[in-house]
Structure formats: structure tokens, C-alpha cells
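Novice: Listed here are the chains, written in short residue letters.
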Amino acid sequence: MMRHGDGMNGPTKPAPSRSVVRAMIWATVPVLLLVQLLASAGVEVSSFWSQIRQLDARIARVAESRAELIAEPLWKMRYDQVTGVLNEVMHDETIVAAAVYDDTGAVIARVVARPSVQALTEVSRPVAYSNGNIAVQAGRIVIAYSYATLYADTGSRLGLLLVVGLLGTLATMIAMRISANIFIGRPLAAMMSAIQRSKQDGRAYPADVKSSNEFGQLASAFNAMQHTTSGALDRLGHMASHDPLTGLPNRRSLSERLVTLSRDAGSPDALIAFCFIDLDDFKGVNDTFGHDAGDKFLVHISERLRGMVEWEDWVARLGGDEFVVIRPEVSNEAAAQVFARQLLEAISAPILLHDKQVVPRASIGLAVRRAGDPELSHLPALADIALYHAKSKAPGTVAVLDEALQRDYRRRRDLELAIPAGFSERQFEVWYQSQVDMMTQDVIGLEALIRWRHPEHGVISPGEFLPLIERSGNNARLTRYVLTDACRALQQLATAGRPQIRIAINLPPSELADHSFAAELRETCERFGIAASSLELEITEGSLINNIASASDTLRRLRRLGATIALDDFGTGYSSLAHLRRFPLDKVKIDKAFIHEIPDSAEDKAIVGVIASLAGTLGLTLVAEGIERAEQARAMREMGVRLGQGFLYHRPQPLDAVLRGLAEAGAGEERVLADSPSIAPEFAA
Amino acid sequence: MMAVLRILLAVGMAFGVLAPAGRVIAADAKPLNIVFVNPGKTGEVYWDMVAQTMQAAGRKLNANVEVLTSERNYRTMQELGLGVVARPDKPDFLILSNEESAAVPILEAAEAAGVKTLLLSNTLIGEDAVRLGPPRRTLKNWLGDITTDLTTAGARMANALIGAARNEKWQSPDGKIHLLGIGGDEITPASIARNAGLQLAVAAAPDVVVDRMLFANWTQSEAEQVAANYLSWAQRKGIRPAGIWAGNDPMALGALKAVAAAGITPGESIQVVGLNWSEDALREIKAGRLLLTDGGHFLLGGWSIVLLRDYADGCDFAAGSPHVEVKTSAITRDNLGSVAGLIKSRAFDRIDFARFRAKPGRCGQHDFSVDTLISSLSPPSSAGE
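Residue numbers (this note's numbering), protein chains in the order written: chain F, 1 to 685; chain R, 1001 to 1385.
Think of the hints as simulated: they come from the structure by calculation, not from any bench.
Treat each hint with caution, since some may be false.
[Said to hold, decoys possible] Which chain R residues face chain F? A few, computed with CB under 8 Å, are given here:
1) 1176
2) 1212
3) 1214
Using N, Cα and C, we set each Cβ at its ideal position, and we do this for glycine too.
So here's chain F without its partners, still in its complex pose (with noise of 0.2 Å):
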């Protein structure tokens, strides 16, 4: 219909109907022209030829009862009565000549209406008389006639229906003209119409048009389609706005939000509250009770967070276990965390789950920002720090952004991006605790421990830069970087003359799930020239669970290479018997958690009790963590564990001092301190 594309002309433009129409009347007119004149010419034609027979009849008609009146008058030789008749003959104007021959072919009479120089056609009767004696042919009457007038006759008979014709075509022409106006362009203008004013600003246009025929049909139709566009883009609209499952405003939806926050809010000293909601271990609910009842519970818990807020406040839902709460007036922050509180009570009530209670828990980060602050659109961010101050710090609570923890989250920001810098300029340092026989005071083993010397914050704790090493995807780089300071380290000892000491390094969880690290080791120890058995690997419980079928595989691959698997932390997490059956392990090392109250805790030391008969059962070597008195290392003894870890005997030092202290063998008790953090250097996540 758009024949030149431009959506651009204006809606009343008649060229879409214009082109129809003409179509219409170039299909439909030669073809209406041609048929009438084709049709009247052989209806003409026809009729002519009819005519003519008609005449040649006619004439022949006249020539027999003009025989007949001549025939008595012929036979009597009353030629002037013969004349007479034939005289007669002559009104028909038709009829050129006619001649009456007796039975000797003499001309009895002859009548010539007028000289003619056109063929003429001839017809000719005989004469016949009879009385009741006689029947005799008296002679022959000859009529010559002419169709000159039927010519003529048919000619302008033509000519009339040209004419009528062509009149007859224009007045259907402009009819066709006047009625496809009506009955199609009309119409169809009016549709056009209401197509270019919705284009203009999306929104539906009914198209006026009454009539009841098809083109009102097809107007209602279009009409009906246009509700139904405009309906479908309306939802789709929503839907880009809206999440699907609770019905709240998405992310994008957040964006928009925020930029008309200010301009919505009633003066630029009016505070918001922004609350950046954190379900805590959705993952879990999922993984128990399944996907739909994971819905079902994000779908309760965005029901619990409308029915809370007021008319004016903004809940939305960002994705997975995220929800957004804005309130666009509080009057101080205090009325905030009050408000903030209000939302995690109300998400903490118990929830029913496939028959069983759940009891749903969030972290809530809240940002309060004055609605003329320029940094509005930052608020999301500003609040997610304090979310992740709160996740990591005290899940199920509401973190309030301060100075504090914007600053913390500038640090980590700092130093994740400092992380490339600190591998390439090797800022960070292995340290080394060492393992003790707690009967005879030899070190056996060595911990390998990381440590990062960051030229501007100073000696960083693996606690709070590890994490960071494990967002940024650096874990692998650091546990290389480790295995290469450990063999160099071996290298050394065997060198200083102590090459039975072993040194454990921490694997943490996507080591163990990747099957190349078993190859690599070995290809480290061999470029060192040490052995693998003086490798020892450590691992926590969390790792095996994660992955159990690709790290009992990793963990094989391992020890065949004759390195020792320790399991790292015991007793902590899920401290499984099984685990330690199922996995090939060769040491349990007990988390200090359970030495710190030895002896005086006889809870502790009865788990520490049994920790150690189920590892002497088992085969297993235990090491115990954390030992810094001299009663937990007699406790220990006493309980059958041999081999200790601790700043009793060694805090971690770097691998020159703890040469050192090999050196001055038989000085076994001399302590070295290290100025290092005074929490126990841990690596697991």
C-alpha cells in the first residue's frame, strides 16, 4: 500500500487509495470498452446481416406478390397496369430498379427510381398466370435493389454505439472513480490515518469507518488487531520492566527509578532510604525442596515485602535472591534501619515448604542519600557494600553504610585491582609454621602459608586478601606460586642436610576439581629435582563435598605420585566419618577450635579423644592445629596425638629464618615470632 515507503507523508494523503483505484480502473475499463464495442459491433454486425437477409427476403416477398398482382394484367397485355404496379414498387427506397419481361423477354415495363453506381443485387421471379383453363408463365418481374441504405443505416448505427459506448465507459469510469473513493480509498485513508498517528507515539488509533462491508469489517478487524498490538506491546513493555515470577519491578526498571528519583522527591534535602535485600542460602532452599518451590518462596517472600511497605515506597526485584526496597522520605537514618529491621522481621516468618518450615533469612545492606545528592544514581553500589559487609560480617542483619565500610570497600577495591601488580612484582610471600613431634621436639613437616607485602597497605592477611584472590579467578596463579616456593623451599632443606622434612601445601576447592594439577606437580618436582612424597596437600572438607567424584579422582592421582593428603580444619564443617573412609587420606589435622580449651574442656578433649582412636582405627595420621601452651601439647601427647602445629612451637616465618632455626639444631625450643597478623593464618575459603 505504501508504495513510496516514506511512513512520512501525511496521514490524509489519498495515494494509497489513488493507486488502488487506478489499478482498478485501468484492470476493469479498456476491458468494460473493448467487450461493450465488441459486443454492440457483433450485435450490430449480426443484426446487419440479419437486415440483409431480412431485405433480400423482403425484396423477394415484393418481387412474388408483385408477380402475382402482375401476372393477370401481364397475361392480358394491360402493360399499363403492369407499369402501374411496378410503379408502386418503387416507394420502397430500397429498390433501384424494377423490369417486367413477358414470355418472350421483350420489356413490358421498366421503372428506374434513380442511376446508381453501387453494386446492386438482383432478384427475379417468374410471371405466373392461371385461370381454371390455363396455367402459363406470363413473363418475369426483375427487381434491383441496393443496400446502401442498410449501409448507411449500419454505419451510423455504429458510430451511435461508439459513441454511447464511450459514454457509457466514462460514466462507469467516473462512477468506479466516485465509488472506489468512497467505498475503498476512504477507508483505507482512514486506516492509513490512524496507522501514521500510532506510529507517531505508539499508541492505538481506532480507524474511523462506519460502513458494514468488508473494508468496515476489515477496519474493525484492524482495529481489534490495533487494541491487541497495543495491549501485547503494553505487557511487553511491563515485562522488560517487571520480572515475570513476582510481578515487581526489575533491574532496568531500578535504573529508571533512580533517575527520577530526585526529581520525584519533594525537596533535595529529602533522605532515601535504599535497601538492597539478600536472601541468605537461597541456593540451599533450591537445592532442597527444588526450582518451583524456590519460586514459590521468591514469590512469598516479594508478597511480604509489598504488603510492608507504604503506598509511596518502591519494592523491586533485581534477579535470583535480590530485592530492592526504596523509600523516597525518611526522617533520619535511625528511621531507616528501623524501616530496614521491619523488612527482615517480616521476611523472617516461617514459611511452608513442600509441608515443612522454612524459616527464610536476609542480609540487608541500606544506604541513605539525600535526594540532592549528584551520586544518586549510586546508591545500588553504595548499598551493596554494605550488603557484603553484612553477608560476610553478620548474615541476617541490616548493615547501615557508614564512612567505615566504604572505606573497606575501597581497600578491597584497591586491592583487587592491586592483585595482577602483587603476582608480577612478588609482593606476595610464602611463610612457613612447621609441624613438631610433640614427643621429641624434631620439626617433620613444614605448613606453607601466603603472606602479601603490599607496598602501600603493608603485610596483608591471607583472610582478607584470598577472597579477593578467589573472585578475581586467581587461585590457580597463587596455589603455582606456592608449589614453586615449596620445592625451591625443599631444595633448600635438602641442601641444609634435612631432607626428610616435608611441606604441606593449602589446595583449595578449584585445584582439587582440576585434573591437570596432579600433571603439574609432578612436572614441578621434576624441574626441582625433588620428590613428590615431600609434598604434602592439604584440603578441607567443603572442596571434597563440592565435587566429590573429580576430587577423590584428583586426590588418587596424587598420592600416587606419593604426595600426602591431609584434610585440613577437621571437625568444623561437616566432619565426616565417612569422608575420611571414602577419601584417600593419609592425615586429619583437628582445627584449633577443639585444642584451644584442652585441657580444660573435657568436651573437647573427649571429641579430640575420639577423633583420635577413629584415626588410629583408620590408619590415619593426626596433627593437632593451635597448639600454644605447653599443657595442650601434654594433652595432646596424652591422647595419642603425636604431632603438633602451633606458635608454641614456631610462629610462620620466612624459609631463611626457618633454616635457621634448623641450624641451631638441639636449640628446638628457641621461638622465633614473626610480624605477622596475629590471627591463624588459614588457607580456605
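Please arrange chain R on chain F, whose structure you already have, making use of the hints.
Specialist: Frame of chain F, contents of chain R only:
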């Protein structure tokens, strides 16, 4: 001329006055009142002569003959006839001529009025004849009719032509004698009868053929025209025309003209016959151009009075037949002299009509032949000759 006529008239009147006196035998007969409704026109030779012979006979036979002329208008004729019938003093006899069957109403009215009627020249024909039957049956007062035997006349004329042609050997290349017939019309009994005579004569002569029977409405000019046409046609056809038979004298005269115009000499190379005893015909006969003219039937007028006189005197002509048919006669160069004068002068008082009455005891038997006529004629007045 006038003087001659006057003398003739005077003589005639004297003779007429004397005649009854001379024939006193029938003097006891009462005078008759007879009305004749003449269908013809004044000046129409035949009907004038009929009326004249009728009146002449009346004078001879003590009958007053009143002639009413219709002037060829049949409506007039009927008015006249009906007027006569309605008269308070009705005539004894009413003579009518049934031309175009126009006399029938008068006949019926007369029947009702008790007037005795006689039809002259034209009697009842066709449907009327069937419906009314013979005289004196349905119409008691219709006494009968007196007509001319024109068929015989026609045949006699034809035979004269044939005889002449045979004598002169006027056969055409096909060996036949070719004649032309010119009839007056095709519908009146008088015409049909004489035409039939021609056909009869020709039928009896296998060597004769009538090429055409043409009709000329009794008139000379039309006859001349058709005769000329015929002659021309015959010439183209290679026919030698031997004779022309004309139904009356005027047509015969027309034919003569055409013959002459065609360069043929009548009487020498071709013969023409006519009918009517007309003066012109008699002159042509005398000139040798016309072979003969048949006729004399105008005498029917006189003969009708004779019949009525007999009837009134108790000698009913119907003793023979109520249909009295009178033969005509031919006038040739041979007998031309006797009657030419009579015709020319119309001196019908020269005819002694009393001689033609039926002899006692022989009612209905009359000798109306031309010979008797000639012998009955009193010599013309010396002055007239």
C-alpha cells in the same frame, strides 16, 4: 337531316296510329301500363335502343311504356324501381334488368306489391337464382325473363373468323390459326356467355388457338391498347395473327385501329369481328374492314312488350318456357343493306311487332329471327331513303 328525321317521325306516328287500326283483331285488348327501369345511361347505344324498340312495340301493341333511366347507378335504379312499386296506381308490368344483381330487391318488393315483373337481358344468377328458384315459384309475380343467346353469338363470330382464315390460309408457322379474343369483362353473364361461345368454337377447331383472351372493359381505347400489345407480342413470338374476336363493336373498332397501326390491313391480312350492330361497325363492314357484327339483341325491348301483350291477352309465353332466349344474328356485307338503315335511323316503328305475337294456340312460340325481322319491315319512308 333534321327534316328527314321530322318526316320520319311524322310518318312513323301516322303509321303507328294507323297500325292498331289495321290490326283490329286485337282491338278488344285493354291498354297496358308498362314501366321499364333502364339500368343504362342516356346515350348508351344498346340501352337507348332497347328502350326505343320497347316504346315502338308499345305503340304497336297498345301499351304505354314508361322508361326510367338509372344512369348506370344501381342505387338510383333501385330507388326508381321501388318508387314504381310503391305507386298508388301501380303499372301492369315492371321490366327490370338484373345488372349486378341489383334488381333483386325491386323484384321482391314488386312481388309484395302485386306488380308483375319481367327480367330483361340479365336474369337472376348465382345465389339469387338458387334462393328464389325459377319464375313464378317463390316470386309468383315474376313472370319470367327474356335474354339473348350470346353464346351462340360468340361462337358464330368465331366460326366466321375461322372460316375466313382457313380460306385465306392464314396459318402461323406452327400450322395453326392464331386468334386474339377481346372480352368486355369477366364477370357479367352477357360477357361470359359470348366469351364462352368463342371458346366453344375454338374447342371444336383443332387447328385454331386463341393466343390470349384479353379484356378491355367494353371500350374502344382499351381494346386498341391490348390489341396493339398483342400484335407486338405476336410479332416477337413469330406468330401470324389471323383474326381478332371482339366482344362488342367498340372493342372491335379499337382492334381495327391497332391492326392498322401495326401496318396490317384488316379485311385483307386479318379479320376482325364485333357484336352490337352499331352504326360504326356497320360502316366498317361496308368498308370491308370488319368481317361482321353480330347482335340485334336491342330488339329484346320490343320482344318483351310482345311477350307481355300476349300474356295480358291470355296467351302466356310461359307455355313454352318462362325463360325466353332470343337468338342474335350477324350482319355481314351480305345482309348489311336491309338493316343498316333501320339501325342508322332507329326507325323502329318500321317493325311490325304485331307480326311477332304468338299464333293462337301456339303461345310462347315466337320467331324473332333477323330474316323475319327484315321481312316485317315496312319500307322506309321515301323521304327517309
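Novice: Taking the closest Cβ pair, is residue 1214/R under 8 Å from chain F?
Specialist: holds (5 Å)
Novice: Using Cβ atoms only, decide whether residue 1176/R comes closer than 8 Å to chain F, and label the hint accordingly.
Specialist: violated (16 Å)
Novice: So, residue 1212/R near chain F? Judge it on the closest CB pair being under 8 Å.
Specialist: holds (6 Å)
Hint violations for this structure: number 1 only, all remaining hints satisfied.
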